[in-house]
Amino acid sequence: MAFFPPHLTLVERSWYIAFRIICACVLFFLIFPIFVIVPLSFNALPYFTFTPEMLAFKAVGYSTQWYKEFFTDPNWQGAVKNSVIIALASTSIAVGLGTLAALGLSRKDMPARSLIMGLLISPMIVPLIISAIGMFFFYSRLGMQGTHIAVILAHAALGTPFVVITVTATLVGFDLTMLRAAASLGANPTIAFFRITLPIILPGVISGGLFAFITSFDEVVVVLFVGSFKQRTIPWKMFSGIREHISPTILAVATCLIIVSIALLVSLEILRRRGEKLRGVKHS
Amino acid sequence: MATDFTPLVANGAQLKAALRKNKAKQKRKAFLLVAPLLAFILVGFCLPILDMLSRSAENQLIVKNLPRTISALGEWQASSDNLPGEKAFIAIAEDLQIAQKLSRATQLGQRINYELSGTASLFRKSGRKIENLIPLAKESSYKETLLNFDQKWGEVELWRVIKRLSKPIIPDYYLAALDLKRDMQSNSIDLLPSDERIYLGLFARTILISLSITLMTLLLGFPIALLIARLPARQGNLLLVLVLLPFWTSLLVRTTSWIVLLQQQGVVNDILVAVGLIGDDARLRMIYNTTGTVIAMTHILLPFMVLPLYSVMKTISPSYLRAAISLGAHPISAFWKVYFPNTIPGIGAGAIMVFVLAIGYYITPELVGGRTGVFISNRIAYHISSSLNWGLAAALGAALLVLVVTIYWLYDKIVGIDNIKLG
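Those protein sequence lines, which keep their order, are chains A and B. Under the working numbering, the first residue of the first sequence carries the number 613, and numbering increases by one thereafter. Under the working numbering, the first residue of the second sequence carries the number 64, and numbering increases by one thereafter.
Looking at chain A on its own, in the form it has when it is part of the complex (with noise of 0.2 Å):
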């Protein structure tokens, strides 16, 4: 082992040795189940393990016929529109009203902040379970269970928690210096805001709007409570699927499900570094 120090000795090496095997096998049961999915997936027979066929890659083991189904099941199709659907609109409510909130609550002068704070972010604390039933409740008492507005107003409330806290973030270093000066420019507080704040703040409005959006996108919960089949999303195809019947289309989906978390993640990674960037601009 050339890259040592020279000065270790036997025991040291060895427990470093022993240390990032641990690590790695750790990694490795962060990774591997959600990756052993994807071959599976193209599974020729309706299993969910690897087939004597699959094992020796030959072509009559694999099939793309649970994609097939995938996207031409009315169903599942439904079930990706109404996922998408409510995902989007919950966002934009949770984005608007959030962006907002954390304007004020970042401002000196705001009242009573820590209480006021505490209430936004509860939804993020009260367990999935708890809301989704009260929820349930209300919305039967207000006659409006099992409507896509009541899954989007849901669906609202849980992803603001995520909004308040990055846009928070983004504006902890703000420098309101800047706003003065656009307003001895002769900008008026509108111009100010869309020219000056949300710029700096464009990287935390867009990863809480990431989070919101994942947060209705994944939910199921409350999905289950609060809509009904018409609501269906695609989490909710997969839980009434895999407690019934599992049936590798829903390895499909999952598969499907990993090429977006990777895409968000990645487009996460981006934001992050833009957003240090441009604060970093600030700061010279």
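One or more of the hints may lead you astray.
Pairs of lysine-lysine residues, derived as DSS-like cross-links and limited to a Cα-Cα distance of at most 30 Å, are as follows [what the hints assert, rightly or not]:
id	chain 1	residue 1	chain 2	residue 2
1	A	K720	B	K90
2	B	K476	A	K720
3	B	K88	A	K720
4	B	K84	A	K720
5	B	K226	B	K150
6	B	K86	A	K720
7	A	K889	B	K377
8	B	K226	B	K192
9	B	K400	B	K476
10	A	K720	B	K92
11	A	K720	B	K79
These aren't lab readings, by the way, just hints derived from the structure by calculation.
Got chain A sorted already, so can you dock chain B onto it with the hints?
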């Protein structure tokens, strides 16, 4: 932010007043920005939760639909062994007649059935026949007629239950949620006999499984957080992505993976059989029980442990360790006495985060928990959608909420709620 023009003032008092006015205006402006979201959360989130909590103690169904019976039972002592008098039987017949017309008799019976089984059918049957019974009763006595129709009307316990349910707010759902029973004769509250207890054990199991999940995530998460924090930034970030990917992957995808891996015809069992560690007839049962819940939830919650640990470890300077070793400490004792104590805030934050998330989990235990690996949340969902005992579900939910809020309160005391980190 707003640079409103403050008129020049002549003396200090005026200046103070003008400043105060301006300050109040700034406060109002800040509050107005928060107001829309605050209103939305109060109405769309806090109100539903309060609504749920109110259901855990309300008793409108009985109070509204059995008003005559309740007032007729006013003088009757629940501790007596004698049936109430004719008055009460007249009252229940009239109440039932009206309830039947509003088609609520069955619902009433079901409500009382939660306290005393057999009442649902009694109310349904009596409600259906009440129009024929009343003329008969008018000729003789209501009490005899009802007793002849069904002798369950002669059970003192039934009347005790109705008497107990005669208040608009009752603690009974909470008693049931904590496996307690009120004895009407002695008016004392006792624990149910051990074979009838359900919820205390379930709460204990939920807490115990959540604790073991927390411990597992700590054992697995500590080494990788340490590795990522001590690697150079470039490699560290790469490994961090491996932790974040599961974090961003759909919960149902991860649960599905574990079903695929752990079931008896699943990948892990296949490998073990192929390697020859176990026989084909001795495949391990690793899912649809507590083991399944613990494995799957450890995987799902691991990122919530690694991320706070990592963010704390990143701030610990490696020179502390070097200093300790250069001063003659053995590397192990240097780690234990110098590095480890510095990671405790991270351990605390991660542990409480994982524990609180685990204790309220529903989806994963429902899918992989089988009979022995389910949580209190699964029981709540069962009462909402299957047994329809909403009051009990609400009381169980309230108990769970109290538990979670207490833990968060501790978290806030120890670490501060603002330290929640996202990704």
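Evaluated hints:
1. K720(A) to K90(B): holds (9 Å)
2. K476(B) to K720(A): Cα-Cα ~24 Å, so holds.
3. K88(B) to K720(A): holds (13 Å)
4. K84(B) to K720(A): Holds - the C-alpha atoms of K720(A) and K84(B) are around 16 Å apart, at most 30 Å.
5. K226(B) to K150(B): holds (14 Å)
6. K86(B) to K720(A): holds (10 Å)
7. K889(A) to K377(B): Holds, because 20 Å separates the two Cα atoms, which is no more than 30 Å.
8. K226(B) to K192(B): Within the cut-off at roughly 24 Å; holds.
9. K400(B) to K476(B): Cα-Cα ~25 Å, so holds.
10. K720(A) to K92(B): Measuring from Cα to Cα gives roughly 11 Å; hence the hint holds.
11. K720(A) to K79(B): holds (19 Å)
Against the hints set out earlier in the document, no violation occurs for any number.
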